[in-house]
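As given, the protein sequences belong to chains L and W, one line each in that order. Each step along the first sequence adds one to the number in the working numbering, with nothing skipped, and position 77 is 77. Each step along the second sequence adds one to the number in the working numbering, with nothing skipped, and position 184 is 184.
Do not rely on the hints blindly, as some may be mistaken.
Over 12 angstroms on every C-beta distance to chain L, these chain W residues come out as not near it, computed from the model [claimed, not checked]:
| no. | residue |
| --- | --- |
| 1 | L70 |
| 2 | L111 |
| 3 | D455 |
| 4 | G544 |
| 5 | H557 |
| 6 | D692 |
| 7 | G733 |
| 8 | L738 |
In silico negatives: residues of chain L with every beta carbon more than 10 angstroms from chain W [as the list claims (entries may be wrong)]:
| no. | residue |
| --- | --- |
| 9 | L25 |
| 10 | V40 |
| 11 | L47 |
| 12 | G53 |
| 13 | G88 |
| 14 | V160 |
| 15 | I164 |
| 16 | L207 |
| 17 | N331 |
| 18 | E401 |
| 19 | A418 |
| 20 | L508 |
Selected chain W positions facing chain L (Cβ under 8 angstroms, derived; list incomplete) [what the hints assert, rightly or not]:
| no. | residue |
| --- | --- |
| 21 | R716 |
| 22 | Q719 |
| 23 | V732 |
| 24 | I737 |
Calculated directly from the structure, the hints in this document are not laboratory data. Here a beta-carbon is modelled for each residue, glycine too, at the ideal position from N, C-alpha and C.
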Amino acid sequence: MNWSQLNELLPIGVVLTTSLVVVFLSLVLAPKDRYVLSLVGVAGCILGLLALGKNYHALAAEYGQPPVFFNGLARVAEGAYNPVLLGGAFVVDGFGMSIMAVALLAGALALLCTTPHEDDSALSTGEYFGLILLAVAGMMLLAVAHDFLTLLISLEVMSVATYILAGSARRDVRSGESALKYLVLGAFSTAFLMFGIAFLYGATGSLAMQAPLVAGEHLPLVKAALALILVGVLFKVGAVPFHSWVPDVYEGAPTGITALMAVGVKAAAFAVVARLCFEAFNMVKELPKVINGHRFIEIVYPLREGWLSLFAVLAILTMALGNLLAMHQNNVKRMLAYSGIAHSGYLLLAFLVTPKAGGAEITQHLQAASFYLLAYGVMTLGAFGVLSLMREDGRPMEKMEDFTGLAKEHPALALCMAVFMLSLAGMPPFAGFFAKFLVFKSAVSSGYAWAAVLGILTSVASLYYYLRVVVRMYMAPAGAEGEPAPARCRYAWTLNLLIYGTGALTLLLGLLPQWLSRLY
Amino acid sequence: MLDQLRDLFPGWLARPDHYHTWYEQMLCLIPLLPLLGFLINAFARKTISRGASGAVATLAAAMAFGVALLCYMACAIDSQVATVGKYAGMVQEHLQSRPFQPMHAFYGTWLDVGGFRANFGLYMDELSGLMTLVVTGVGTLIHLYSTGYMGHDKSYARYFAYLNLFLFAMLLLVLGDNLILTFVGWEGVGLCSYLLIGFWYTDGDKAAAGMKAFLFNRVGDLGFLLGIFTLIAVFGTVDYVAPPEAAQASSAVMRVPAPPAPKGMLDYAANIKRIDPNGNLTLGQVDASQKLDLSGTVGKAVFPSWSFKLAIGLACLLLFVGAMGKSAQLPLYAWLPDAMAGPTPVSALIHAATMVTAGVYMVARLHALFLFSPHVMMFVAFVGTATAIFAALIGLTQTDIKKVLAYSTVSQLGYMFLAAGAGAFSLAIFHVVTHAFFKALLFLGAGSVIHGMSDEQDMRKMGGLRKHMPVTFVTMLIGSLALAGFPFTAGWFSKDTILAVVLAKSHDDPSFGSWWMALYGLGLIAAFCTAFYTFRLVGMTFFGACRADEKTKAHIHESPAVMTIPLITLAAFALLAGWMWHAFFSAPHFLGMPTPLDNFNMNPPEIGVEATEAQEHWHHVHLVNLGWTSLAALGGIALALVVYVAKGFVPKGEGGNVFTTLSRNKFYLEAFYDKIVSNAFILFAELMHVADVLLIDTLLVRGVAVATRWTGAALRSLQSGLVNFYAGGVLVGALVILYLLLLS
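Chain W with its partners taken away, still in its complex shape (with noise of 0.2 angstroms):
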């Protein structure tokens, strides 16, 4: 039927061996979808009922996921067999033969000026694809179980508006196709995030939380802007890959020749050929070391004699500096725990599956430039170990079973900086598919067991829920085990390579080998604990006795189904999505990325003997690795259900030693915010003030305005109204030119 209409219709269809140009009109769907729900239930909230309201919000979410999927088949696949189900045998082998083709929808110029380009377009490749996928599908489970737990609400309409708006603007962060859209998204998915921390903004704590989030996220954001501003002054371009032609089309008819053709950001990084093990780069066209060739770029002036890499490496730590804010690392992590005083589902969506990782994926997204400046990438490795380790000492002696979360949630971030500071963008990318599967699934677990217990958030008055809440108790349960990392679970082999990978540097990095051991260490002591906290959690939640009072423990119930749905569903992909580590690790490029063999050396193209002994090796530290982390998730569960469930040990919550006290108080550095850094701002808030109102208004303002009134006074009386005074000034200011002309 296709061919027919193709044939109706010559120039619809335009590229005659494949249907991807349908397609890449269709990609601008999927950010548009969420914000059609947000329009509706932000407009019509006063009309239209609980249910459609919810319903609106499910379904376009839903439909955004329809058609993320369809778009992601097209590219990975020749759409004619993803159309016609018959041939769904095909799938499978075209998959494996034939490489995931981008999509790249150009949908018109947003700024043109002075030589700067922005346009609306949208990019799906391998990355953005799987985000998506990753941000619709989570997403949609979440508006579902979302329309059970805010069913009591009076402001659902509300919630589900600022729940689709926050989907519109992540997607269009995933797959703006460059910087500037990036960064639209990236405020926007900040701007609901502070929204949906506040929901209940007459409690004047969560107000405050939005406002916390919101300002840490600001600290971030400077970085981010100064490191665009970078890389436009380095590129001249915002572009991470070239528009397509069509857009490029530009002439004028005093026949100026069309600008050359500008290039994205990744198309000058792409030619990278391998790097070797002192991490340089070896490179088709550019040498790294040479001087940037700033022709006809801005950066000619900001940075005139500084080499290729080094501008790079400023933009690149400036950039992530931004995801440190957006990802809550060390030392702009304290928003993320406060964020919990948003609903549960928001917990989940926001603050676990997807905006956190953001900053994972914009370093993924950009990472040919990561790879210009080891440094850097040392650095970002070094921030993630301290966060993943910091966070969770912090989590094993918290209380509020959503606060255990959450720092977990600052720990695994952490471990994904590690692994993409290690060189391992896609294995990054990988724990952020499993962390948002099993984090989520322990959120809306979390909201499951505050549902039933009557909003009570504090595990020392849980415990005993398996027999109340038996579906509740399973899925969560499946959750802490991929947490925890155990065996053939999906945390575990996302985890488990990173690690493995991190292990593999110490051997092969010789500049900074002995700090990958040290970072090694680090991330398995981190295992341990992350395995500790979340048995513990479980343990005090659904086994002893329940220490609940009586009137909350009448109340006790399992979910509805609408809750209980999207729990199955992630304890599935919990489960198993682990098993898909296969197409990540050792397919050659997948998302687009060097797999982590390719830098260090391990899986060098080419040369055969080499490779097998490389891979040999690799094989060896995988297996040392295996051993130790499976020691680690296994001591750390044994432990905690030797303290929690075996001696129902429950925590008084003051007092202990050393090390808990310190770890109950997040070693006093959110108190430093709080009571130095904070105080230290408003003195200087008041400074300025007192400054502003002396200088500034009463000097400066004040002074200039009257001067003005006093200039405009004066000038006022050569307006006579006397037409032979205006002749004699047209005649005075005629000899003024001709003179000067005559002179020149």
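This is chain L alone, in the form it adopts within the complex (with noise of 0.2 angstroms):
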């Protein structure tokens, strides 16, 4: 085995061996001092960015620009940089990195977003942030994952994380609530998956990601097995009907977990999504003629077709359903939750690819995906982020009330929420704007118009809830006097930077969105 030849998991690497230090840290850190280990956590993450950059500019020197997606049948040769690796266990593409990015800076947040000085002890212990760090690793192997069983493991290692991280405040009633709900819906949705997985097996004999190419005889078979998996992922994305537990699990959980399984846990599972769109969907015809004794295949998707109708009435129940519940909710972290159901529906208009699209087609609709995944990212986080500073005497505030008059208190913070709820709302000079247009424009290229339409209008009704918050810190006046100002944790000033931060992307992703897309 070559080992130069594991570079290309080496942000994986990066993460993992963080995750082990911050735990053996724990135990020699004095407990006041535990802030550390949040500090070097993100110093994993940052550094596991880096490292990705590095791949990044290989794979392009490598590949051209921008490098997208390799699909299991592309012939790649031996090179500087092996996007294939393992036997196609895993496959590092450019579409997989941006996942990747998503990850850890949906990990950098939630490693920040912690407040050690609570008493609540479980928060600030070394586990605590070596789970954040493992479960982002989870979803770094998740996103690159290329055959079943890798898939499984990560998405186990991803999940059994975050199902512990949703609990860990243990004196929050709400918590345990939360992560006992997660477990259980959680390993129902493992069940389907793992059945899946178990039946492809059987009909196909292969766990590779092309494994339906050979479905053969077995064609009803494979569909049913592709069917469950569908279902596992489509419940870690949080699509309707499986949605229900995104309320509860999101509400119940701290706020820094709730932004990590609302970006990345998403991210990854869409990652999935499309790797099992683009590639699995596919299946292989043998046709009848034989010329010189070649026998020709065709590579036929009726998988991709029968899906079509199917997935673009659950994006538009998700849109609409999503929307239509965050429209009543008066706890904003409950109302994101709501809003993350919808923007799922939103990405899922983005895999509505005709059968018969060719590698132009298809490339157009993944740099939709991932643009939108990034941007959601972003300001989802930010959003979050601010949520997350708002505490008074260490409960936290998440009350649409406790949001009014922010403005004037913390005009900085104001502005980045106003900035991230326009975004989310899909506000033109913003981030959100752009990513939803790419996404309603590839789905009207497919055919799609009626569910683009559709998907606008769940835009439009969006837009009531989200300026709810903006009005509340602006425009509502400040309630009675001595109406206490949100306290700050301690060490808020990264956290705070880090909020500017996405905040700036959002306006900047908005405005020159040409310049994410030479990156992809």
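Hints are included, so try docking the two chains, each in its own frame, into the full complex.
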């Protein structure tokens, strides 16, 4: 085995190593110094991002810009950078890298959102930070997993870590409820996934992503297998009708962990959706033609075809339900949970690819999806970051009313929050607008204009609840005198910095979307 | 030294044979320097002194001019020669022997959406280069003049900020390498024009004049935008010429084949070989009568069975509507006279020399497209002539010194469009250039007069100023001679050749021959009127006895040097600029455009015998025209001198015969706009308001909101919080999906 081959997985290695370092460091550090752990963890994430950047440049140098997506059929020669690793178990391509970057950002924010001075000791122990990093490593693995075995293992690395993290606020009853619900329903969905994988293996004798290519006479079984796998993945994504866990789990978990789930888990799960849609849903049909002894085969897309309308309907339902229910929430965190469901719906639109679509169209759809994930990630992380800063006597302030008059007390934070809200609603100068634009455009180009129109309508409706926050911050009169100002955590400057950074990025991605699309 | 630098940085000066690339990178400085000046004046206006703010703005304009000159030289001649002064003697030689090499600087992709791409790129060829030199050159002089003229104004820095912003937008308009950038500049100059017309916004009339300019321009802009959309539909691109190769590099690792290199619009049209007398085109590759090959463009859906020629014709017509708004042609001219509410240097720079000629520039820029459509060209010529005569007739009776010049500008713009419509695009630009000099001069001179007369603009209260303001008098006299078309001044060269081309067209264009004769006649009458009202202005202002009141009279003074230096410089150009007619007229394909001779088959390439015949014919036509135009100009001048100088006639501003009443009241067209058109719009708006409140606000907005809330409330009951309920939901969903999939 040639170790240099694993250079491509270096970012994941960095994160895993950091998680171990953090756990060991927690043994030697005094409890009051444990905030160092989160900084070490963030350093690990930054190192991971740097390694990712280095790999990205190697990939771009080898395969030209922009390196988007390798499917399992791409013939990849041995070179300085090998996207296909370990016999096809991992494919570290440009798309996977963009998801990895989102996961690393989410991890960094989750690490910084913690408040170790609280008397809730669970939040400040080393395991907590170690588990966040482990979950991030799981997400990164999932982003590049390319056979069903690595997919399952990565998914579980990520999920088990998040189950524990959801319940890490031990004194908070809601946190325990959140963890338990997540665990039970998560296990339930994983069962579907595992059944699917078992069926697939039984039908084809292979666990490779392109196993359905050789479905042959077992086509019905393979179809059933893929349906079950998809149920497992759509559960993680939070698409209707597998969304019901999202609000309860997001609301109960500590805010940083909610951000991790809303952004990191979702991005990683969407990476799997992409690999399924664009690779696993292909099948090879043998043509009866034989010329000069060569038998001719044709790739057909029976699954892609069958799934298209279903995907469109799921997307519409997800958008509509998420937005409609978000309107009634008075708890901002729960509102953001529903908004996350709605955004999953928009993202699903990016996967409506006509069966005969060639490489160029698929590239366009993937660019739309990865841009959306990055934009959504940046603005959602920022919003959760602001939310986690809002504390009073160590108790989180998550109600709409708590935002009243924030613009007066913390103008910069309020401005960032307004930017995030407007961007989430898809208002023009911000990243969210361009993300939605790309997704709707790709839906229209696949002939699903009606889905795009419905999407735009729901997006208009969403403006209502996003603006409620902005109105509260800027226009509502600051209630009775003596209403307490939101206090901040001790080392908030790091988190503040991250929030300003995400705010700037939200604007930048909206103004210069081209800047990013150079990267992919 | 440059050679040594090149050895040190091999990649820096990429093209070894000349230093083009280096200048290409400098091209962006031309618009960015005024932008920098704007930013300084806009954000530091409270902190920097008045002198500093004027100096910053003037310096920014002057530096932009310097860079533009360098870049232009680098295109025109081998830049090694330009850099090393001791070879200056070779410059002349190179100018003649070496074709102009356009620069195309690419700074990045702006939008890349659905196969449609807009770049940040600047393009300097002969046309845009010349316009850049005029804009920055005249602009610099007017900045300098403004430091004196606006000396007493309290919003000094704001004024210079706007002026610099205008230069930025205008340069973007001129240098932009695609229609979208040009449109950004187009809107930018419109905005600056609005801001500067209403510069003294506390005066309600002046603010309203700004609004009027903006509204009239919006009407034109709608046409311009639709024209751009049409062109996108036809060509799938907005680039004038294909962007440089670096910009086209694109590939993705799913092994997506790179799309075919996009071509610019003018590349498609560039292979026009010649135009026969019937206005039909002979093309290298595209046959104008062919159906459009729109595969891969959106045009397929929009123009399913249109011919290339027809679709281009529509686009050109719409673009010309935009030009009518910006360049104040009938019926969208009415904003320009009102625009005189702004400070006088602004009238000189924006409403005479540069912005209003943007429409002419745009038509010339896209001349290759206009050539596809002789009928649209004819329409352009008609509108131009109608405007020229209409505005000249109004100019005869105006008594406000700036209003006379404003109507004269409208009229001269008409001449430019007449030239463009006749196919003499290079002459249209020639007239733009000479007009920029003499009209800027006249406005600045008028400003000097107004300044000296304590802000009096009514010519009936002036007179005899030549003794008090000798420099202003002499320079304005030169400008007036140029405007009137006095032989051997700049205006004579450009206007005379335009009319000569029109006359020649009347002989050679079989389909529209007699129409051209009519246009020529109207053009001559307008030329006579021009000469008359110009010297009416000179006579009423500078000759006779002074009619001002005592207080004003005591205060009359010649303007300071910062104001007279620009006047003298511009006067020199107004006298001498005409002598570059040779370059415009006879050099083959000046400005990259066909010369007027090419256009109507008088100078057919490669056929020797016919060429001489045609040229002889042209000389004959030119001579006949020369007689007529000289007669019109000298006759007009003489008549005005007799009436206003020798007899000292002063109009009363009321009464008179039918004609003077009509002329003084602008043929009641502006009253028609004010009373009928705007009232109709207000009525319509009221109706819409009622419909909006009843239908949209009440029924749709409220109704939808209420319905949405109800639905959401109903759905909430599904979120019970019970895990087994949730798991049941997952199970049902999974079963439905399984069932649907296995069915398919």
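Verification of the hints:
Non-interface call for W:L70 relative to chain L: holds, since the shortest CB-CB distance, roughly 30 angstroms, exceeds 12 angstroms. With a minimum CB-CB distance of about 7 angstroms to chain L, W:L111 fails to clear the 12 angstroms threshold, and the non-interface call is violated. Taking the minimum C-beta to C-beta distance to chain L, about 44 angstroms, the non-interface status of W:D455 holds against the 12 angstroms cut. The claim that W:G544 lies off the interface holds: its Cβ sits roughly 61 angstroms from the closest Cβ of chain L, which is beyond the 12 angstroms cut-off.
Taking the minimum C-beta to C-beta distance to chain L, about 52 angstroms, the non-interface status of W:H557 holds against the 12 angstroms cut. With a least beta-carbon separation of about 18 angstroms from chain L, W:D692 lies farther than 12 angstroms from that chain, consistent with its non-interface assignment. Not every C-beta of chain L lies more than 12 angstroms from that of W:G733, the closest at about 4 angstroms, which undercuts listing it as non-interface. Non-interface call for W:L738 relative to chain L: violated, since the shortest CB-CB distance, roughly 5 angstroms, does not exceed 12 angstroms.
Listed as outside the interface, L:L25 is consistent with that label: its C-beta sits roughly 37 angstroms from the nearest C-beta of chain W, beyond the 10 angstroms cut-off. A cut-off of 10 angstroms between C-beta atoms confirms that L:V40 is not in contact with chain W; the least separation is 35 angstroms. For L:L47, the shortest C-beta to C-beta distance to chain W comes to about 26 angstroms, beyond the 10 angstroms cut-off, and the non-interface label holds. Interface exclusion of L:G53 from chain W stands, the closest Cβ pair being 18 angstroms apart, more than 10 angstroms.
For L:G88, the shortest C-beta to C-beta distance to chain W comes to about 17 angstroms, beyond the 10 angstroms cut-off, and the non-interface label holds. Distance check on L:V160: its Cβ is at least 18 angstroms (rounded) from any Cβ of chain W, clearing the 10 angstroms threshold; non-interface status holds. At the 10 angstroms boundary, the C-beta of L:I164 stays outside the reach of chain W, the nearest C-beta of that chain being 18 angstroms off. Every beta carbon of chain W lies more than 10 angstroms from that of L:L207, the smallest distance being close to 21 angstroms; the non-interface claim holds.
Remark: the non-interface label on L:N331 is consistent with the geometry, its nearest Cβ contact in chain W lying 13 angstroms away (cut-off 10 angstroms). Non-interface call for L:E401 relative to chain W: holds, since the shortest CB-CB distance, roughly 20 angstroms, exceeds 10 angstroms. In this structure L:A418 is separated from chain W by more than 10 angstroms, as the shortest Cβ-Cβ distance comes to about 22 angstroms. In this structure L:L508 is separated from chain W by more than 10 angstroms, as the shortest Cβ-Cβ distance comes to about 14 angstroms.
The restraint placing W:R716 at the interface with chain L holds, with a minimum CB-CB distance near 6 angstroms, inside the 8 angstroms limit. Taken as an interface hint, W:Q719 checks out: its beta carbon lies about 6 angstroms from the nearest beta carbon of chain L, inside 8 angstroms. Hint on W:V732 holds. Least Cβ distance to chain L is approximately 7 angstroms, under the 8 angstroms limit. Taken as an interface hint, W:I737 checks out: its beta carbon lies about 5 angstroms from the nearest beta carbon of chain L, inside 8 angstroms.
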